[in-house]
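If you're matching them up, the sequences are chains A and B in order. Each step along the first sequence adds one to the number in numbering that gives the first Met the number 0, with nothing skipped, and position 23 is 22. Each step along the second sequence adds one to the number in numbering that gives the first Met the number 0, with nothing skipped, and position 34 is 33.
Hints were generated in silico from the structure; no laboratory data involved. Remember, it's a predicted structure, so these values are computed and weren't measured experimentally. Careful, some of the hints might be misleading.
As the list claims (entries may be wrong) - No farther apart than 30 Å at their CA atoms in a straight line, the calculated lysine-lysine pairs in the DSSO-like style are these:
1. A:Lys77 with A:Lys170
2. B:Lys108 with A:Lys69
3. A:Lys170 with A:Lys144
4. B:Lys4 with A:Lys144
5. A:Lys58 with A:Lys227
6. B:Lys108 with A:Lys58
7. A:Lys77 with B:Lys108
8. B:Lys4 with A:Lys121
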Amino acid sequence: MVILELQGLRKQFGELVAVDDVDMSIEEGEIRGLIGPNGSGKTTIFNCITGFLHPTGGKVIWKGEDITGKPPHVVAGKGLARTFQLTNLFRDMTALQNVVMACHLHTGVGLVGQYLMTRRTKQRDEEIEEKAITILETMGIGDVKDEIAGALPHGHQEALGVAMALATEPKILLLDEPVTGMNPSETKDMMERITRLRDSGVTILLVEHDMKAVMSTCEQITVMNFGKKICEGDPEGVCSHEEVIEAYLGRS
Amino acid sequence: MRNRKTLATEIVLIVLAIAGVVAPFLLGYYYIDVLTMLFINIILVTSFHLITLTGNWSLAHVALMGAGAYSSALITGSLGWPFWLSLPLSAMAAAVIGLIMSYPLARTKGFAFFIASYAAGEAMVLCWTRFKVPFGGWTGLTNIPPPENIGGIDFSDPTPYYFLTGIVMAVSLWLMYRLGRSRIGATFHAIHSQESLAKSIGINVTRYKMLVFVVAAFFAGVAGVLLVHRMWAVEPNQFRWVPTLYLLVWAVFGGTRTFHGSILGVAALTLVGELLVPLAEWVPMIYGLILILTLLFFPEGLEGIPHRVQSLFRKRRTGGEAPEDLLMEGQD
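Just chain A, same shape as in the assembly (with noise of 0.2 Å):
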């Protein structure tokens, strides 16, 4: 069953065009990955899909809902999650309270209910608290829970976006570049991860730049230059594909 799908998704900067008619459909329960060369508009179809840009034309519609131009935490509470490139934490919090924050979604707070901090809502925060611990052990960071996400390593930030994105319940998980500066024991780590993520019935859409994490990663690929895009299919294909080998290598 297809849940994501683009429509003609078009952005222009003023006279750039950044995404430039592009068509995708998302089938539940595989790991799709999106790639091409900087500048090839990827990200930008993650913030249209977000709702954090707002598509110039064509439609981005979730499981048969027209959900274009609706605002991020709309689209967050549909289900759609993503992390940010460069890692994107609230830094000065520790581990576990940035997972806490991103279980909002599904907890939402009563100001009566902080005021008199009831039996119920002390309850209610135990377990947000267990629900969070649970992600960062997914994650594999459990043990640093208590430390300040800002002075984490770069590989357990990185975990730590994912885990946040978990935390909002997602049917579908984009993650924009999560594997970007970690040595190949950590990518390894990554990947295996989000394969296991997949396994438990999250839907995920990749960009990334590391070919090898894609390749060996994800069953379809779609690949992307100069807004457009260019092919689409299993790995081996995409590779011989020569448009693909031009966009990468360039004109021989």
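Here the structure of chain A is known, so what remains is to put chain B in place on it, guided by the hints.
Structure of chain B alone, referenced to chain A:
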């Protein structure tokens, strides 16, 4: 360590409370009045501090205080309703005006918010000056009654009014403190530190910014009510640039990272103001100077001083790097 800190805080609070109760019996009417004004300003600056939690600095805050003041002047003066009913009603009126202002304001940020909030505040002032009925134009409203007696206590006397203000302040501070420490307060902080991340995890950033603005407007309204029933009169100029400048200086001078920072700021500068009474005409300029000097040499404000002293001692103990550090600070 943490327990020692709570204990110290509790001792400080108890000492302050005792001093607050004893003070009016030791001081003359003039100083009782100064302290009453200080309490009102503490409510104002602390509610202002709430807004800064989301990273915004509002120039409409003093105007919202005015909204509370005008509202109470009309409710008690024109309608003749009792003060005790007017206090919550007028605070709510300020909150409603805050809600209307926050609708566009919460959609701006940074400098745009700063300027837009200034415009919103001036629009408020324009209403008061333009509509002579019921607001009285530039001369404002007079003959505003003091709070009605309760059990024979006459609140037109400075001392009972001082206690009334003190109690309202204590309750307001407690409510605002709890809000800042709650998960809602943590959410304000999250929005301040990483707005786009906050959005991506499903936080309705605009709604929270509106919430903080409305809550702050409510307490600014409370301060306004207390102000107008102390002065027994109200006029638009009380809520324009000069008091707004004071508010900013209190907050910057004290610091906005902690709850107590801005309170320290207003207390210290009230003291300075009293010492400068003979130079009254120069006070706005002196405040401006204090603002500039604070930004240059103490960007963290008063609240940062204990931390600085601490790190100074630590450095002394570990290896005499302190003089170099001081030199550096002097240079920047």
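So, going through the hints one by one against the coordinates:
1. A:Lys77 with A:Lys170: holds (8 Å)
2. B:Lys108 with A:Lys69: holds (20 Å)
3. A:Lys170 with A:Lys144: holds (25 Å)
4. B:Lys4 with A:Lys144: holds (24 Å)
5. A:Lys58 with A:Lys227: holds (16 Å)
6. B:Lys108 with A:Lys58: Status holds; Cα separation ~29 Å.
7. A:Lys77 with B:Lys108: At roughly 26 Å apart (the allowed maximum being 30 Å), Lys108 of chain B and Lys77 of chain A satisfy the hint.
8. B:Lys4 with A:Lys121: holds (24 Å)
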